[in-house]
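S.K.: Residue numbers (my numbering), protein chains in the order written: chain A, 503 to 826; chain B, 221 to 469.
Keep in mind that the hints were calculated from the coordinates and are not lab data.
Being a predicted model, the structure only gives us computed values, none of them experimental.
Take these hints with a grain of salt, some might be off.
[Said to hold, decoys possible] Which chain A residues face chain B? A few, computed with CB under 10 Å, are given here:
no., residue
1, Val-546
2, Leu-570
3, Asp-574
4, Phe-600
5, Ala-618
6, Gly-644
7, Phe-685
8, Ile-690
9, Leu-701
10, Lys-715
11, Pro-717
12, Ile-765
13, Ala-818
[As the list claims (entries may be wrong)] Label-pair ranges, simulated between beta-carbon atoms:
no., chain 1, residue 1, chain 2, residue 2, range
14, B, Gly-371, A, Gly-744, 29 to 35 Å
15, B, Leu-289, A, Asp-742, 39 to 45 Å
16, A, Thr-623, B, Gly-371, 35 to 41 Å
17, B, Lys-357, A, Ser-668, 38 to 44 Å
18, A, Met-503, B, Glu-287, 35 to 41 Å
19, A, Asp-791, B, Val-424, 49 to 55 Å
[To be verified] Restricting the straight-line Cα-Cα distance to at most 27 Å, the calculated cross-link-like pairs of lysine-lysine (DSS-like) are:
no., chain 1, residue 1, chain 2, residue 2
20, B, Lys-442, A, Lys-665
21, A, Lys-641, B, Lys-446
22, B, Lys-446, A, Lys-810
23, A, Lys-641, B, Lys-448
24, B, Lys-272, B, Lys-442
C-beta atoms are modelled at their ideal positions from N, C-alpha and C, and glycine is treated no differently.
Listed below are the residues making up each chain.
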Amino acid sequence: MSVIVYTENWDGKFKKSSYELVSYAHALASELGVETIAISIGQVPEDQLNALANYGANKVLCVKNPELAVLDNAAYASAIARAAKANNAQVVVFANNFTGKAVAPRVAVKLEAGMANSVTTLPLSFSPFVVQKNIFNGKAQGNLQINSNIKVLSLAQNSFGVKESSVSLTIENFDAQLDSSKFNTELIEKNTVSGKIILTDAELVVSGGRGMKSPDNWGPLEELAAILGAGTACSRPVADEGWRPHSEHVGQTGKVIAPNLYIALGISGAIQHLAGVSSSKVIVAVNTDPEAPFFEAADYGILGDVNKILPKLVEAAKAFKAHS
Amino acid sequence: MKILVCLSNVPDTTTKIKLNGDQSALDMTGVQWVINPWDELALTRALDLKEKSEGKIDTITVITVGESLTEPTIRKALAVGADDAVRINLNPTDDYEVASNIAAWVKNNPYNIILTGIESSDYNGSAVGGMLAEFLKIPSVSSVSFLDMEGDKPLMKREIPGGTETIRVPMPFVAIVQKGIALDPRIPAMRGIMMARKKELTVVEPAGEGSKSTYIGFAMPKAKAKVKMIDAENAGQLITLLHEEAKVI
Ligand SMILES: Cc1cc2nc3c(=O)[nH]c(=O)nc-3n(C[C@H](O)[C@H](O)[C@H](O)COP(=O)(O)OP(=O)(O)OC[C@H]3O[C@@H](n4cnc5c(N)ncnc54)[C@H](O)[C@@H]3O)c2cc1C
Ligand SMILES: Nc1ncnc2c1ncn2[C@@H]1O[C@H](COP(=O)(O)O)[C@@H](O)[C@H]1O
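Start from the sequences, fold in the hints, and give me the full structure.
M.R.: Printed below as a string of structure tokens:
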């Protein structure tokens, strides 16, 4: 018996979120008294694989079938479901990210499993099996009871944390025995921006709204982000008006993020905006309107003109970095 | 060619969430029901494609798994321009049940392209599209922000972390759509509303599998401590607080 966790890699490397996921799977497996088995697809150097032991993985299955070179949702689901069956998995854990959303539902059907996504805690109980998950974009939590023998979960990012627990790990190859004639996702072109902090990975995020007044005022915001090592985000109207790229739009209809720090500059805090950021650990709001809803969601607030306040923040951040 | 758009009937996004007394259920009194925002955009894109397809796309069908209270939402989709509609008469308990029941319909009534949203704004399942594709054993493409026809061949873009991929898969397939698929949803015009009354809404009984999970309780997020205000003149103090007190930098 086992808990299986799909650990995605990016160009052969794991991220902090991968370690969080393994930590979660390990905690779950410990409660169930079973092994934690990670599945890794593609080429990943051995030192990277070995690092998973620090978070509680007993075994890594390396899957290298050529059908998996491009993300084909059906092929990935076949490989992961096959490994889950071969290892008698009780629970299969994914990240609630792009790949998790693409693959986990297909795995659930293959395993005839009930599924909960955006799970925020360890199970509240094991029999019956009940997990807590975000609903209404974090406006409430639901306790979902899963009745199938096997369960598929996807973990909300930054909800569990990275927990070290050293175990010894074995690395094995796993042949997923895929029938290549069945899988036909054709990748025609790939466009990625390099060198920028990917918003959904960022631990710190600096974000601007219409209160910034003009796209020309983003210089100090970007400078503050650069000093702190933060990603940059924006509200929907800012993206719609072309002040900032659409990739920065956060909220219900944009990206959902949960960084350690979210600094909202000149953003009102509409409910649809909060839906994308309210799981952030610490929130700062800067606004000229004392009634702005963001002050109710924020931990720290500054009442005033963002274009006067930003230079002060930049200066203080520079001084802070110079001393640390 | 035929396109199917899956519609989820959800509370309006500005709905304030309340729980009933013993927290066993959500209090839905006075809720305004709407088409899930992603599905509205999926439908808009499907209609755009049909209009410029020079007759290659014959029909846009919408489907909902829900009881009769979902019919105003279905009628709205017909008023916006969908050709016909199917309602599977069942109040579903989870996404597995929804996907299985839509699959049961599609097996007997095939479509070339099936569109779903990336998530319902109520229970945020993010599962129906992928599950449906797996039940039907057809490809699914997730996080689709662009869909077009190049002749007879659909072309898609999907949003990956830090970029996009241009993708092609053979029909039939499920495209799970998100931001970008259409700019603004179409709004029904008077003429559309009149015409919608004459369009066919087929009601069928469930023929799929049952659910695998069920909600047994709810909770509201922990109340936030009151915001700590920092004097604008000394805004720089924020950086110190973030380091020493909040410990996030
Ligand atoms: C279905 C639906 C989905 C939506 N999805 C999203 C979404 O995903 N993301 C999103 O962001 N929005 C979304 N919205 C829009 C949302 O409702 C708000 O309209 C939007 O978030 C407002 O953006 P904003 O705060 O930048 O602008 P505004 O509402 O114009 O607010 C600007 C704020 O800046 C303040 N301000 C003005 N001048 C200054 C100054 N000099 N210094 C400091 N502060 C100043 C003002 O007091 C105000 O609070 C959605 C809406 C709908 C209906
Ligand atoms: N009851 C339903 N009937 C038809 N389609 C649905 C239903 N629920 C969800 N969907 C579709 O699946 C998408 C994702 O929903 P979910 O997986 O529930 O988050 C929605 O955007 C709809 O396209």
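S.K.: State for each hint whether it applies.
M.R.: Verification of the supplied hints:
With its C-beta approaching chain B no nearer than about 17 Å, Val-546 (chain A) sits outside the 10 Å limit, and its interface hint is violated. For Leu-570 (chain A), the shortest C-beta to C-beta distance to chain B is roughly 15 Å, which exceeds 10 Å, and the interface hint is violated. Given hint, Asp-574 (chain A) at the interface with chain B, holds; its Cβ is 7 Å from that chain's nearest Cβ, closer than 10 Å. The interface hint given for Phe-600 (chain A) holds, since its Cβ lies 6 Å from the closest Cβ of chain B, which is under the 10 Å cut-off.
Among the interface hints, the one on Ala-618 (chain A) holds; its C-beta lies about 7 Å from the nearest C-beta in chain B, closer than the 10 Å criterion. Annotation: interface hint on Gly-644 (chain A) holds; nearest CB of chain B at approximately 5 Å, less than 10 Å. About 8 Å separates the beta-carbon of Phe-685 (chain A) from the nearest beta-carbon of chain B, less than 10 Å, and the hint is met. This hint holds: Ile-690 (chain A) has a C-beta 4 Å from the nearest C-beta of chain B, less than the 10 Å allowed.
Contact between Leu-701 (chain A) and chain B, as hinted, is supported at the beta carbon level, the nearest pair being about 8 Å apart and thus within 10 Å. Interface restraint check: Lys-715 (chain A) against chain B, minimum CB-CB distance 17 Å, threshold 10 Å, status violated. The criterion of a C-beta within 10 Å of any C-beta in chain B is not met by Pro-717 (chain A), whose closest approach is roughly 20 Å, and the hint is violated. With 10 Å as the threshold, the beta carbon of Ile-765 (chain A) comes within range of chain B, its nearest partner Cβ sitting at about 9 Å, so the hint holds.
Given the 10 Å rule on beta carbons, the hint for Ala-818 (chain A) holds: about 3 Å separates it from the nearest Cβ of chain B. Separation of Gly-371 (chain B) from Gly-744 (chain A) is about 31 Å and conforms to the stated range, judged on CB atoms against 29 to 35 Å. The hinted range of 39 to 45 Å is not satisfied by Leu-289 (chain B) and Asp-742 (chain A), whose Cβ atoms lie roughly 33 Å apart. Evaluation of the 35 to 41 Å hint for Thr-623 (chain A) and Gly-371 (chain B) yields a failure: the beta carbon distance comes to about 50 Å.
At roughly 42 Å, the beta carbons of Lys-357 (chain B) and Ser-668 (chain A) sit within the given window of 38 to 44 Å. The supplied range of 35 to 41 Å is met by Met-503 (chain A) and Glu-287 (chain B), whose beta-carbon atoms lie about 40 Å from each other. The supplied range of 49 to 55 Å is met by Asp-791 (chain A) and Val-424 (chain B), whose beta-carbon atoms lie about 52 Å from each other. The suggested pairing of Lys-442 (chain B) with Lys-665 (chain A) holds, with an alpha-carbon distance near 23 Å, which does not exceed 27 Å.
With a C-alpha separation of about 18 Å, the suggested pair Lys-641 (chain A) and Lys-446 (chain B) falls inside the 27 Å cut-off, and the hint holds. Taking the CA atoms of Lys-446 (chain B) and Lys-810 (chain A), the gap is about 25 Å. The hint holds against a cut of 27 Å. Only pairs whose Cα atoms come within 27 Å are accepted, and Lys-641 (chain A) paired with Lys-448 (chain B) is accepted, the gap being roughly 22 Å. Of the supplied pair hints, the one linking Lys-272 (chain B) and Lys-442 (chain B) is violated, its CA atoms being roughly 50 Å apart against a limit of 27 Å.
Consistency note: the structure conflicts with the earlier hints numbered 1, 2, 10, 11, 15, 16, 24.
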